[in-house]
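Please construct the entire structure, taking both the sequences and the accompanying hints into account.
Protein chains: 4
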Amino acid sequence: MCGVFGIVGVPKAAEITYYALVALQHRGQEAAGIAAADGERIRAHRGLGLVTDVLAKETLQQLAGDLAMGHVRYSTAGSNTVQNAQPIVVGTHRGQVALAHNGNLVNAPRLRIALEKAGSLFQSSSDTEVVLHLLARAGEMPFADAVVQAVRQVRGGFALVLLREDRLVALRDPHGLRPLALGQLGDAWCVASESCAFEAIGARFVRDLAPGELVEITRDGLTSRRWAEPQPRLCVFEHIYFARPDSDIDGWNVHAVRKRMGRLLAKYHPAPGDIVIGVPDSSISAASGYAEQSGIPYEMGLIKNKYIARTFIQPSQEMREAGVRMKLNAVRSVVSGRRVILVDDSIVRGTTIRRIVEMLREAGATEVHVRISSPPYRHPCHYGIDTAEKQLLAAHRSVVQMCTDIGADSLAFLSVAEMMEAFGFDETSAYPFCNACFSGDYPTEVEAFDKFDLERPAREGVTA
Amino acid sequence: MCGVFGIVGVPKAAEITYYALVALQHRGQEAAGIAAADGERIRAHRGLGLVTDVLAKETLQQLAGDLAMGHVRYSTAGSNTVQNAQPIVVGTHRGQVALAHNGNLVNAPRLRIALEKAGSLFQSSSDTEVVLHLLARAGEMPFADAVVQAVRQVRGGFALVLLREDRLVALRDPHGLRPLALGQLGDAWCVASESCAFEAIGARFVRDLAPGELVEITRDGLTSRRWAEPQPRLCVFEHIYFARPDSDIDGWNVHAVRKRMGRLLAKYHPAPGDIVIGVPDSSISAASGYAEQSGIPYEMGLIKNKYIARTFIQPSQEMREAGVRMKLNAVRSVVSGRRVILVDDSIVRGTTIRRIVEMLREAGATEVHVRISSPPYRHPCHYGIDTAEKQLLAAHRSVVQMCTDIGADSLAFLSVAEMMEAFGFDETSAYPFCNACFSGDYPTEVEAFDKFDLERPAREGVTA
Amino acid sequence: MCGVFGIVGVPKAAEITYYALVALQHRGQEAAGIAAADGERIRAHRGLGLVTDVLAKETLQQLAGDLAMGHVRYSTAGSNTVQNAQPIVVGTHRGQVALAHNGNLVNAPRLRIALEKAGSLFQSSSDTEVVLHLLARAGEMPFADAVVQAVRQVRGGFALVLLREDRLVALRDPHGLRPLALGQLGDAWCVASESCAFEAIGARFVRDLAPGELVEITRDGLTSRRWAEPQPRLCVFEHIYFARPDSDIDGWNVHAVRKRMGRLLAKYHPAPGDIVIGVPDSSISAASGYAEQSGIPYEMGLIKNKYIARTFIQPSQEMREAGVRMKLNAVRSVVSGRRVILVDDSIVRGTTIRRIVEMLREAGATEVHVRISSPPYRHPCHYGIDTAEKQLLAAHRSVVQMCTDIGADSLAFLSVAEMMEAFGFDETSAYPFCNACFSGDYPTEVEAFDKFDLERPAREGVTA
Amino acid sequence: MCGVFGIVGVPKAAEITYYALVALQHRGQEAAGIAAADGERIRAHRGLGLVTDVLAKETLQQLAGDLAMGHVRYSTAGSNTVQNAQPIVVGTHRGQVALAHNGNLVNAPRLRIALEKAGSLFQSSSDTEVVLHLLARAGEMPFADAVVQAVRQVRGGFALVLLREDRLVALRDPHGLRPLALGQLGDAWCVASESCAFEAIGARFVRDLAPGELVEITRDGLTSRRWAEPQPRLCVFEHIYFARPDSDIDGWNVHAVRKRMGRLLAKYHPAPGDIVIGVPDSSISAASGYAEQSGIPYEMGLIKNKYIARTFIQPSQEMREAGVRMKLNAVRSVVSGRRVILVDDSIVRGTTIRRIVEMLREAGATEVHVRISSPPYRHPCHYGIDTAEKQLLAAHRSVVQMCTDIGADSLAFLSVAEMMEAFGFDETSAYPFCNACFSGDYPTEVEAFDKFDLERPAREGVTA
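Protein chains in written order, with my numbering: chain A, 1 to 464; chain B, 1 to 464; chain C, 1 to 464; chain D, 1 to 464.
Source of the hints: derived by calculation from the structure; they are not laboratory data.
Remember, it's a predicted structure, so these values are computed and weren't measured experimentally.
All C-beta atoms in this analysis are idealised placements derived from N, C-alpha and C, irrespective of residue type, glycine included.
Worth double-checking, as some hints may not be accurate.
[Claimed, not checked] Pairs of lysine-lysine, BS3-like flavour, derived with a Cα cap of 27 Å: (1) D:K304 / C:K327; (2) B:K327 / B:K390; (3) C:K327 / B:K117; (4) A:K117 / D:K12; (5) C:K12 / D:K57; (6) A:K327 / B:K57; (7) B:K57 / A:K12; (8) D:K57 / D:K117; (9) B:K304 / A:K304; (10) B:K117 / A:K12; (11) A:K304 / B:K327; (12) B:K57 / A:K306; (13) B:K327 / A:K306; (14) C:K304 / D:K57; (15) C:K306 / D:K390; (16) A:K304 / B:K12; (17) A:K57 / B:K304; (18) D:K390 / C:K57; (19) B:K390 / A:K304; (20) C:K12 / A:K57; (21) C:K327 / D:K57; (22) B:K327 / B:K304; (23) C:K390 / C:K327; (24) A:K57 / B:K57; (25) C:K304 / D:K304; (26) D:K327 / C:K327; (27) C:K57 / D:K117; (28) B:K57 / D:K57; (29) D:K117 / C:K12; (30) A:K57 / C:K57; (31) A:K57 / A:K12; (32) A:K327 / B:K12; (33) D:K12 / C:K327; (34) D:K57 / D:K390; (35) A:K304 / B:K117; (36) C:K304 / D:K117; (37) B:K327 / A:K57.
[To be verified] Interface residues of chain C toward chain D, partial, derived using beta-carbon atoms under 10 Å: (38) Q29; (39) L50; (40) A56.
See the structure below:
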């Protein structure tokens, strides 16, 4: 999970990009970077941390030009290095190219080994670098053609933004597994992972890029082409968890979808409760839907501490045993003596929900009924979400077993069909979504892929 | 507005204090500090920024001992210096004393001038230092007696925590204008501005300190005394805005009070709307109360960006005009074509609410009816809240004028009596609350006070 | 040991002060600070570290005004806190006062206890704060008179600079134990611990302040008074070790004095050697004098690494045993097979010279004859140099014993009379110097003084 | 100009490397980095600044293993980016490789263009990256063979250190233009740009690598091969200016050579003076040689401020005109009324020497005779020293013109033959030195080379 943004034809493009990235910050807090171009050269800056940590005023001023693009990177284990931050900027026989990428390329390890054998050398463990090597090896042809030639060799879910000194190319994979939206700020075209970035900068949301679509943006305007046959398999987890509730993705408003999921959850999986509580922040929409549908009052029974910063000293085991509990707090006077219906958007590892159930009981809840606004998460995602099968609570467990595991009085999930109803589909529909994490039905070939493949000894190391 | 905490008789008292301060961080983000004692000496560290910025692991380890106290400081103009951070630690003829303070002393400027004439020298512009000078000039007597002798000379709203090498003294002003709660972690007694700090560290909330009460805590236990006749005038604004919703203050749960305010707002001040929206984060409770009472659905129509950190580059005027809008975003698909009832907890200057109304209209709201869950804020607070009369929108304006000012279709406030109903009082009650900001009825003498009095040239300057 | 500077009547006085402090940096690397005044108010900034660490461009710009003064602080054990950094700025009944101080007050502990009993409270463990309390307690009278009344109560060696919003007062103790020079930059008067600060800022050295002299500088000019009967006992160690070789102090150029000491050392204490080597940097002058007088060539046999910064990771014991040796390196090709005459300015603890002798032998020196250009350092200094008697190698040892201790083939010191000859005095002169560290003959009363007295538990603690 | 170090077969190899780099810090203060290997993988860290800024204790601990190498980088315009810091670590079909490099490759631009055409992509503007691409494209063969195949394609002056997970390869160009020495720490072999690094870590200097020699070091020991026919053209400027005086390079001690140069300067170019002054720090050796030979006393007439750190606020033009002068100070009492012989090691741009002559006159020197211990520097260096022809004062000027330019009373240089005499050669010798900067006689082809060629738009930009 990452966030990308790009814009062409606006003064101080890097500064606009900064604000867009802050709006996309929820998609990745590990690293951030911006590349800008002025028609003649590309300048870039990137680093570890939040957008506001990495990019200072003076830095933005140095990133001159009316073309810019940026990236925020999701925190994944094992690769927390500046070398892996984006955009990556390289020199090739066709000049400077900057690239930012959201998604995963399932065949990157195989491509990398082949490229290395052909004499390419790699400076990061990111699969993004593979795309650049393919691009460098494309022959003499227009830039956008070379990009198409490169991406036709990769498989997976991806949204890419590439910057040249005078143009920007953005594209989406044939399945549309990762989102990418098109906007306009005055006359200037822009692209972003989510439409909330457009709202933040005062731009107008125009439409989503279609799966398999590529746009090339210059100061003269936008041209679009279909670089691959679209086979829509949109990522349902964007709607369930990742995206900001105020974004519209592929035609659905995220908050509205979540609220409908909550309503359907109440309809199909009622629970005997006095109050409905959502796990902040991502489950608030679903919980309020559940409350409305059921007529059971929605209460703020869990408070999240928003000051747990990067430098927070995590409580030691000793302190945790002594009761220190920082991130979430159950509100005793709300919860005490009540039967709680606890709504969460999903269960991945199950550790958080287990702790919340325990916390609610300690605060005096007489019963805790857990309702999840998505199906059991059983299969690892290969398209941009960082999960290993063995970590998934639902992988090899029944709902009854899971209920016992998390210590709830009852537990229920939406089925895939019920969840799809929230998007307006009935059981006869051919869903345009990838539900592989729930069903195991992957839209692409899946190589025996291990996200650490690209970080095996031979590639690791440089931390700055 | 500040937050204080203190604890006696627990290993690693400074570390416990760190977690308690993080839980109190909403009460002040300007500066933070901790003082700890081991029976023989006091060690302290303080600095500008969040608790997690100021206090590193190594620092906490150096603050040895089983007694500790800490402070978080609210951001006020003109005094953003380490010199004004707390706790203040001084040497006097009775040994080391550390002091942390929440509140304002209305007679501090007069006391300071008198003390200076008597040869005292001041190293900060904080009124807290006045208390220490009075304490230093108290004669030979037990520590707690000397504290009482000092505080009997000050007027205002205050909660004080004082640390000696082997004991902690905490007290509340006679009106109880600032909150202070008593808790227990195992056998160890602790005090905190709000009970949410106890939840965070696994301590048990015992009771609030009474107005005019002083407690002295040693390793042997707690003794309490009434140092002044209690005349309860609790601060209603703690419940309206400052406190965390999961805190209980003086017998009321903050979230529950806010929700009742929202219900009463709907009952007495209905509005013709399709959806209810609260201004995040502090008005969510009241808005959900309004929605429940009115039967109009509550929606997340405003999203707050939680990544606007201290280092965020504020948009220039030019960027703001271009539409850059970072803190709050209106959700178009929720708002568009709807009549919005916008619930906020209060109007102080009016600039924020004006921008939100405008933003909602731009997002397509057909009508915007503003409902405020407190009365018009007309008079400056002299007891810890940083407002000047000239900045108050309501100071010299009718509700109709204010409605025009903020661009709403209608505007209504709770009356003082309606607000008091949320606490369970009817019109015949003698409210135990200070409502001076709404009524102008101040519980203490009010000198011609100017918060910058203590920062006139003669006292300003040292920034580190 | 510290350095002070002050100037009145020049635009950007704080910036000028910055450059003067960088020139005085050798007098103290622990902390630095500047206070500036614009006729109406004083603004200050101070912090731990080098001048260039503590003071950034923006900070200097905020320190507005045409009056300024600054301080660099020497690294002493146990008090490395911002609270002890200078200038100290306080508010008193006579307005703001900033104070910077070089020296030690031998009766500070006694004065402090008395002040505390009278109700003063102390925020640092620095003896400088005592002067400010005495000043705060002086009655209504002109500022300079009040300063005189305060300093008449203190004993010791000191050079003080005090800043008011519109004037600067500087003074030197009756014995002139600490240096203070007067200069002029255009028409603007300035004072500095050493004349090298004047050279750095393009100012003209006018003269030294006399012992017991006070100058008051306003925009209108300078007035001088004799506040105490002068009894000159200048510090000889300034010339031996502390001062920069390009400074002139009390009429002698430091480099010239050191070179003459080296010549006299060669004359009275010849040694059989092939080359003369000085310990960098402070002994280079003396060593070159020795070489010239003896006709034995001077060689660079020891190289100092100038990149050992504050953040240098000190070699562990394990690494030191493995041979890691960073600060000084003996040049094998210079030293090998030679009889070395090693000239150092003084022996305090003896640990450094012992290591150097060992290093020279390892590099192949066949003999090492140590010659010290001052007498054995036998008695602790109470006037600004941080030494405890028990740490002094010479305290209870004969020269023969010391020679064995440091592993030299021979060892000789200048006698007090020989050292005084370098200043032009013969044995019949009444030396105007304090030689107490060599002779034990202190110019003032010496209370049973312990530098940690001011840091006993009751005063310690605040680290920021 | 840069410094390199490598070591194999010692515990905590990264820590040893840290100390060696601090000893080599004079060779480059722009950036630093260390790569370490434990037999299985390489880990690295690099950054902008001094060794002590870039490498913290925790970082060193993460760089595990018994093989390590490091680099310090010289400050050159236009490329001050982390991307250009070294060691560079890349993944290739033969695994991880780390490379550090001292020197310049004159044919790098041409090679780079060819590589890019063949599909290589470049992530830095450093010519070092070219070597890695050549290495990546070498076929299947032992590592050292592949290194030889790569470096046979490059021209210029270079000393390279390459690290694999289990071995280290170091080599010197056929002319030996850049130095590289071999040492032993116990049984462990190490290489360093200068022998002073060995002294610092307690290692033994064994010998210099021969021009055209390559050594491969594993835990089992060292093997050496001649990879190119040696044609010794050692860099004379290492002896004149770059190297530390305590280093031995190619059989000559640097201090001793400089001192002999000073003696010869006095012999062939006497001057009528009262005192000899050297420009600190690099000309002290030559000046003391001049003084000894001439019998004219050597004096410390110029003092260098060693506290001008990276964060120093450079005086504005306004301040400089006002007389602010920080780096060097002339000692008035030494200089005043004297005829000064000023010895410097070289004149490159001439700006510094001009200012020093002026400063000496202002301090009262009656005459200033400048003597330079090397010939006029007329031709740009292509082998590691950053000079453009147009910046060279001597490029198109006679000695008489230069004397006028710098404002001296007389000016003289050593001739090439006289300088060579300091190394023991007479005019009949075929000097094994490159004197191209004085003579224009370059030992290699010289392409129309511009150091910014590698930084043309297409390659610039990433600053982190």
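Consistency of the hints with the structure:
1. D:K304 / C:K327: Since the Cα atoms of D:K304 and C:K327 sit roughly 18 Å apart, the hinted pair holds (cutoff 27 Å).
2. B:K327 / B:K390: Holds: B:K327 and B:K390 sit about 26 Å apart, inside 27 Å.
3. C:K327 / B:K117: 53 Å, violated
4. A:K117 / D:K12: Outside the cut-off at roughly 33 Å; violated.
5. C:K12 / D:K57: Violated, at roughly 40 Å.
6. A:K327 / B:K57: With Cα atoms ~19 Å apart, A:K327 and B:K57 stay inside 27 Å; holds.
7. B:K57 / A:K12: 40 Å, violated
8. D:K57 / D:K117: With Cα atoms ~43 Å apart, D:K57 and D:K117 exceed 27 Å; violated.
9. B:K304 / A:K304: With Cα atoms ~14 Å apart, B:K304 and A:K304 stay inside 27 Å; holds.
10. B:K117 / A:K12: 57 Å, violated
11. A:K304 / B:K327: 18 Å, holds
12. B:K57 / A:K306: 20 Å, holds
13. B:K327 / A:K306: Roughly 15 Å separates the two Cα atoms, so the pair holds.
14. C:K304 / D:K57: It holds: about 23 Å lies between the C-alpha atoms, which stays within 27 Å.
15. C:K306 / D:K390: It is violated: about 32 Å lies between the C-alpha atoms, which goes past 27 Å.
16. A:K304 / B:K12: Cα-Cα ~25 Å, so holds.
17. A:K57 / B:K304: Given that 27 Å is the threshold and the Cα spacing comes to 23 Å, the pair holds.
18. D:K390 / C:K57: Judged against 27 Å, a Cα distance of about 34 Å means the pair is violated.
19. B:K390 / A:K304: 35 Å, violated
20. C:K12 / A:K57: 26 Å, holds
21. C:K327 / D:K57: Answer holds: C:K327 to D:K57 is near 19 Å, not above 27 Å.
22. B:K327 / B:K304: 6 Å, holds
23. C:K390 / C:K327: 26 Å, holds
24. A:K57 / B:K57: 30 Å, violated
25. C:K304 / D:K304: The hint holds at about 14 Å.
26. D:K327 / C:K327: 22 Å, holds
27. C:K57 / D:K117: 47 Å, violated
28. B:K57 / D:K57: 16 Å, holds
29. D:K117 / C:K12: 57 Å, violated
30. A:K57 / C:K57: 16 Å, holds
31. A:K57 / A:K12: Given that 27 Å is the threshold and the Cα spacing comes to 12 Å, the pair holds.
32. A:K327 / B:K12: OK: A:K327 and B:K12 at ~21 Å, within 27 Å.
33. D:K12 / C:K327: 21 Å, holds
34. D:K57 / D:K390: 44 Å, violated
35. A:K304 / B:K117: 49 Å, violated
36. C:K304 / D:K117: 50 Å, violated
37. B:K327 / A:K57: 19 Å, holds
38. Q29: 8 Å, holds
39. L50: 6 Å, holds
40. A56: 8 Å, holds
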